[in-house]
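Trainee: Those protein sequences? They're chains R, V and H, same order as listed.
Residue 147 in the numbering used here sits at position 147 of the first sequence, and the numbers go up by one each step.
Residue 198 in the numbering used here sits at position 198 of the second sequence, and the numbers go up by one each step.
Residue 87 in the numbering used here sits at position 87 of the third sequence, and the numbers go up by one each step.
I should point out that these hints are in silico values taken from the structure, not numbers from a laboratory.
This structure is a prediction, so every number in the text was calculated from the model and none was measured.
Among the clues, some could well be false.
With a cut-off of at most 27 Å between alpha-carbon atoms, the simulated BS3-like pairs for lysine-lysine come out as follows [what the hints assert, rightly or not]:
1. R:Lys189 to H:Lys94
2. H:Lys126 to V:Lys280
3. H:Lys179 to V:Lys280
4. H:Lys175 to V:Lys150
5. H:Lys47 to H:Lys175
Some chain R residues judged to face chain H by a derived CB distance under 10 Å, without partners named [said to hold, decoys possible]:
6. Ser5
7. Ile7
8. Ala11
9. Thr15
10. Glu16
11. Tyr23
12. Ile26
13. Thr35
14. Ile55
15. Arg187
16. Lys189
17. Lys197
18. His199
Just so it is clear, CB atoms sit at the ideal spot from N, CA and C, and this is done for glycine as well.
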Amino acid sequence: MEGFSRIDIFATKGTEYLFVIGYLVILILFWQLSTRQVALKRKIQQVLGILSASILRIPQGMFYSKNHTWTHLEESGAARVGMDDLLQHVTGEVQFSGLKAPGEIIRQGDLLTEIHQEGKHLRIFSPISGEILDTNAELAESPGLVNEDPYKKGWIYKIKPSDWKAETSSCYLADEATSWAVKELERFKDFLAVSMKKHATEPSMIVLQDGGELLDNTLAHLPPEVWKDFQQEFLGKPS
Amino acid sequence: MGLDRRSFLKTLGVAGATLTLGKSFGASADPVSDTEFYGILYDSTRCVGCQSCEFACAEEYGLPFPTEAVETGVIKSTTDKQRVVINSYSTSKGDQFIRKSCNHCNNPACASACLTKAMYKTEEGPVIWREDKCMGCRSCMISCPFDIPKFEYDSPNPKVEKCRMCYERMQNGSMPACVEVCPPEALLFGKRRDLIEIARTRIYTEPEKYHHAIYGEHEVGGTGLLTISAVPFEELGLRKDLGNTSYPEYSKTFLYSVPAVLILWPAFLLGLHNSVKERKKNKLNQEEEEQS
Amino acid sequence: MKTAEQTGFFRFIMYELKPKGKIITPFNVIAGITILVAAYILFFRFKDGLGSVIHASQDLPWGLWINFNVITGVAFAGGAFVVTFMVYIMGMEKYRPIVRATVLYALLSYMFYAGALLLDLGRPWKVINPIIGNSFGISSVLFLVAWHFLLYMGSLFIEFSPTVTEWAAWKRWRKIAVKMTLAVVIFGIALSTLHQSGLGALFLMAKPKIHPLWYSEFIPLLFFISSIFAGLSLVIIMETINQRVFKQEMAFEFKSAHRSIMMSLARVCAVTMFVYLFMTILVFIHGNNFGFINTPYGYWYLVEVIGFVLIPCVIFLFGYNRRNLLLVRTAAIMAILGIVLNRLNISMIAYHWYDKGFHYPTWKEVVVSVAVIFVQILVFRWIIRRMPVYRGSPSWVKEEQHKKPQINQEKRRKLWKVSAE
């Protein structure tokens, strides 16, 4: 400082440059860490009973129709139909009524079956046309099959399709089906906002106390007016 | 994608700010007037600790007379009732006296920090406190490297007390009260330039008597109060670690970058907003095309 | 709910002024007592001078009101400029549900902390001087900070005014306010950058008095970066409290978006704290401060940097990865404590560190400090319960928004007609 001996005002610059190089390397690692999605998340959400896109099961080989039913062609030429995972998550445990008998003819868009839950009911519509070959008898005793395994054990009818190609061309498949399902979940949330406001329902009934995520089996907690709206507005006017 | 962009831009912004902070905008540091500073030279070797300066100052400004004598090792500070104080330190050359009062820096930190211009560096040199402007924020106290300004905490209309080099007397042609009264003539008043010459002469003429430096010649960019003594200044409680830069220089880089930020940020943010809008529009158009 | 249009504006205001909800609640009682005691203390502060209430000394001139309410409190109001940046500049609609509450919190913060500053001034009535008149101390950092506070309060008020106009049903004013939003947000971000760093720049000239581990020429930059995660951490905690306390006020969209917003904020905090940590280390290297680490102040510095910056950063990261709200909230609280620690270190603890001992603030200072915060919370609550901050805009707003495209189409048709002729 006095001007009588050597000084170096950039003494630390070398260390600083090395430090910056180290920082840039660590930044890359940190960034990757911060974007990592952990598989645990899905499990935790299932355990917590949260309804979100990551817990939806969407087998890629099924045809999904806009009324949330699926259909799948087997080797024998018969097609099975049932409710998709989103619909099952949304309604929860239901009873089936009005199941059709083998031999009946059904058209695409006809009533497949009615599901009931404590005085609330919903009509499900068929994705394809054809002759009913078989009805899943186990559904009467253990309707929970449709929640557990909606695509295999929870099948509703075996149908001999009359116009498979044409009718399934308007259905969703594989990747398309996945992104459609995610969008449908969002549309469901929006629908809930509107319907619940209309019927002055307390939102906390279907939303986790802590965090605001949608509770699983959402409609199970909601009154029959919302089910009516769900039938007419959500299922009735597909996007 | 969004966060990716955001973090990158944040990094850019930080880097940009650092660059802006590092640049000097080269504002002129040339003097703006012809009047040269006055100053006070305090010669510690001539001081006898009589405290006449303390009494004269108190009388001049209607402050209570000091009641404590000078005692070696008992270090007093200026207060909100006393503007100049003489202390005695035990040093390598026996007991030596030292004056403590406002140093009237050439480029004072207090005046630079004052947001109402209450602390004001006059053209003639003294740094004065102007009561009508002060709002009592005490920024001057935070900034002064010597901790000189003292605040009247126990008054509902508080003043800030410090030596003002008898500015009013100076304008009437006389010298500060302490200088006028000093019996052993340890205090000298005059142009700062002349005082430095005199101090150097004294040191060159009697080199064994003095420590070979003038405190205040370069410290904090130069001060109006100059001190010469028999011993190194640290032994008399004067800080040698304050540097030779004037203190307003420390906030210079920040203040200089303010207009730059006010120009660059809005332009940058507008451009960013526009590019985001464009992207969104393109995405929407794409989706509409795909649906139709 | 009656609107201003239906009953006339004066009656509307009188109706709104009535307290909603219970008056005697634990919170109200504690807040009320604190505010009354603070008023009593302040009477003496003005009668007998500052020294009768605060424990400031000639060596430590600033008390808790400036150091805590102003310098620390304003750092937490930094959430507004970050969130408005994300929503209005970057178009991240995800954060829109929290924009109004964040801006409201910041607006009230600046209003009340500027008030707290007035209390700590020796002569508050002279505060007019740097605002009007010939006393512009333009070389002063505090001058800049004061002016920016005023301008930013104005900006925040305009940013918040659409909510006020929706509450009072002033349709034309709402249109005007919404048009001004982008400009005012941009201005606000530039102002925030400068006054957040400006609060740090206040200490730049105190170089010989602040411990070298905390003092550097980069203080303004560090203050600015830390205000980003300070503000966001506070938003996390505020939203956590609000979504429980103001359950009835929240529209469904807000509640269901809460978790995902908190997670995204946690991620932003983690990244910002990571950057801040490395800036701090860089400054440490630049200052060649290695020798100071092995001292009591050195250990305290490590507690602040490792315990309250590094650790919350890591916890934010884990909380985000595992979508764990509890971890995120813990990290937010630790980050907030870290900021309080950092600001108080620079202004009080490491300030004049070489002298006698730490000056503890008096209980009176603490009471007034806390009372200011209580008043802020009460006003916040008053507004949340009445204005559409969380409630979602009234229906006439959507009608106004739907009207717009039609008008443009008509205009366009007219233009084509004219240009074709």
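Trainee: Each hint should be assessed against the structure and marked as holding or not.
Mentor: Hint check:
With a C-alpha separation of about 15 Å, the suggested pairing of Lys189 (chain R) with Lys94 (chain H) holds against the 27 Å cut-off. Simply put, Lys126 (chain H) and Lys280 (chain V) have alpha-carbon atoms about 51 Å apart, too far for the 27 Å limit, and the pair is violated. As the CA atoms of Lys179 (chain H) and Lys280 (chain V) are separated by approximately 20 Å, the hinted pair is consistent with the 27 Å bound. Among the hinted pairs, Lys175 (chain H) with Lys150 (chain V) is inconsistent with the structure: their alpha-carbon atoms are about 53 Å apart, more than 27 Å.
For the suggested pair Lys47 (chain H) and Lys175 (chain H), the alpha carbons sit about 47 Å apart, so the restraint of at most 27 Å is broken. Interface hint status for Ser5 (chain R): violated, as the beta-carbon distance to the closest one in chain H is roughly 18 Å, over 10 Å. Interface hint status for Ile7 (chain R): violated, as the beta-carbon distance to the closest one in chain H is roughly 13 Å, over 10 Å. This hint holds: Ala11 (chain R) has a C-beta 7 Å from the nearest C-beta of chain H, less than the 10 Å allowed.
Interface restraint check: Thr15 (chain R) against chain H, minimum CB-CB distance 5 Å, threshold 10 Å, status holds. Interface restraint check: Glu16 (chain R) against chain H, minimum CB-CB distance 6 Å, threshold 10 Å, status holds. Residue-level restraint check for Tyr23 (chain R) holds (minimum Cβ-Cβ distance to chain H is 5 Å; threshold 10 Å). Of the supplied interface hints, the one on Ile26 (chain R) holds, with its beta-carbon coming within about 8 Å of a beta-carbon of chain H, less than 10 Å.
At about 8 Å, the closest approach between the beta carbon of Thr35 (chain R) and any beta carbon in chain H falls short of 10 Å, and the interface hint on this residue holds. The restraint placing Ile55 (chain R) at the interface with chain H is violated, with a minimum CB-CB distance near 13 Å, outside the 10 Å limit. Interface hint status for Arg187 (chain R): violated, as the beta-carbon distance to the closest one in chain H is roughly 13 Å, over 10 Å. A cut of 10 Å between beta carbons decides the hint on Lys189 (chain R): the least distance to chain H is about 6 Å, and the hint holds.
A least Cβ separation of about 7 Å between Lys197 (chain R) and chain H falls short of the 10 Å threshold, and the interface hint therefore holds. With 10 Å as the threshold, the beta carbon of His199 (chain R) stays out of range of chain H, its nearest partner Cβ sitting at about 12 Å, so the hint is violated.
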